[in-house]
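Undergrad: So the chains spell out like this:
2 protein chains.
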Amino acid sequence: MNHSTRFLFASSLVAAVLVASTAAWSQQSPKPEQLIKWRQSAYQVIGWNSGRIKASLDGTYNKDEVAKAANTIAVLANTGLGTLFAPGTDTGKGWHDTTVKPALFTETARVGELSANFSKEANELARIAQAGDAAAVKEQFGKLNRTCKGCHDDFRNSN
Amino acid sequence: MNHSTRFLFASSLVAAVLVASTAAWSQQSPKPEQLIKWRQSAYQVIGWNSGRIKASLDGTYNKDEVAKAANTIAVLANTGLGTLFAPGTDTGKGWHDTTVKPALFTETARVGELSANFSKEANELARIAQAGDAAAVKEQFGKLNRTCKGCHDDFRNSN
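Sequence order for the protein chains is A and B.
Quick note: the first sequence uses numbering that gives the first Met the number 0, first residue 0, plus one each step.
Quick note: the second sequence uses numbering that gives the first Met the number 0, first residue 0, plus one each step.
No lab work stands behind these hints, which were simulated from the structure alone.
Given the structure is predicted, the values throughout are model-derived calculations rather than measurements.
Hints should not be assumed to be uniformly reliable.
Since the list can't tell identical chains apart, any single copy or any two copies may satisfy a pair.
Derived DSS-like pairs (lysine-lysine); straight-line CA-CA distance at most 27 Å [as the list claims (entries may be wrong)]:
(1) Lys-92 - Lys-137
(2) Lys-92 - Lys-62
(3) Lys-30 - Lys-62
(4) Lys-92 - Lys-30
(5) Lys-30 - Lys-100
(6) Lys-30 - Lys-137
(7) Lys-62 - Lys-119
(8) Lys-100 - Lys-148
(9) Lys-137 - Lys-148
(10) Lys-62 - Lys-100
(11) Lys-62 - Lys-137
(12) Lys-137 - Lys-119
(13) Lys-62 - Lys-148
(14) Lys-142 - Lys-119
Can you build the whole structure from these sequences, using the hints too?
TA: Have a look at this one:
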């Protein structure tokens, strides 16, 4: 596993809240496998955008690229990823078998706290990225990544 | 294939521009398979969010849910999905074999036009969704979906 891949793994799972907004789904009730596929996809997209920021920080800084990527992560952090961790999705296969730990479905207070931290740091990164100060982005990007790791450590099985 | 699944297929591929922002990737050069996996993931996330809007329109309208979903689609439409269609990604396997048609890599003017339409209609839906008028959202959602179909028809193989 090269550096880039490790980085993407580290960024590809984030905290999520368990409070499902069930109203909008009442007509369709997506199957657990669909929910798992969607959340695996969402974390891939977060990983892609984290990679864009890292590439800019490691190479030639591109303000527009970083701003777009940070904004994308922030929107995903706030869109309601927690709804994709509905009851019954503790096991199952989306693109691949889920790597979620059962504890995510019981330790709701802790998961909510981690999820809020993720949103907070993602929003702050999106704000800072608009200004285009690479050093400030780098520092905030580190804070964001620590919120990713915080959730991975407790609620994701390594694969 | 049920209605929901058909809908998600219809929403899961959208127009993309071919102008790659190569600067930020110069240090890492993601492999074609990674780019394909990211774009397949991005369209899944778009499909998820399209499904949220449709579920709200078909069931009990949830303004907050629709606004979040429309905003997520708009951000993805503007983040630079075209960079995931870099040269060399006309064939290959991400989560699955790509369904892109070779024409997407040559008909750049047409693809750029479809991509711009997608962004325009997605931005407009996000704007309208803030106001919470379900009828207006429904009409604009139809316009957005037609931009999806416009690109699918020409540049995606059915599978």
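Undergrad: Give a verdict on every hint.
TA: Going through the hints against the structure:
{"no.": "1", "hint": "Lys-92 - Lys-137", "result": "neither (35 Å within a copy, 33 Å between copies)"}
{"no.": "2", "hint": "Lys-92 - Lys-62", "result": "neither (38 Å within a copy, 31 Å between copies)"}
{"no.": "3", "hint": "Lys-30 - Lys-62", "result": "between (40 Å within a copy, 24 Å between copies)"}
{"no.": "4", "hint": "Lys-92 - Lys-30", "result": "both (11 Å within a copy, 25 Å between copies)"}
{"no.": "5", "hint": "Lys-30 - Lys-100", "result": "within (19 Å within a copy, 30 Å between copies)"}
{"no.": "6", "hint": "Lys-30 - Lys-137", "result": "between (39 Å within a copy, 25 Å between copies)"}
{"no.": "7", "hint": "Lys-62 - Lys-119", "result": "both (21 Å within a copy, 23 Å between copies)"}
{"no.": "8", "hint": "Lys-100 - Lys-148", "result": "within (14 Å within a copy, 38 Å between copies)"}
{"no.": "9", "hint": "Lys-137 - Lys-148", "result": "within (16 Å within a copy, 39 Å between copies)"}
{"no.": "10", "hint": "Lys-62 - Lys-100", "result": "neither (37 Å within a copy, 32 Å between copies)"}
{"no.": "11", "hint": "Lys-62 - Lys-137", "result": "within (12 Å within a copy, 36 Å between copies)"}
{"no.": "12", "hint": "Lys-137 - Lys-119", "result": "within (16 Å within a copy, 32 Å between copies)"}
{"no.": "13", "hint": "Lys-62 - Lys-148", "result": "within (25 Å within a copy, 33 Å between copies)"}
{"no.": "14", "hint": "Lys-142 - Lys-119", "result": "within (10 Å within a copy, 34 Å between copies)"}
In summary, the structure is inconsistent with hints 1, 2 and 10 from the numbered list given earlier, while agreeing with the others.
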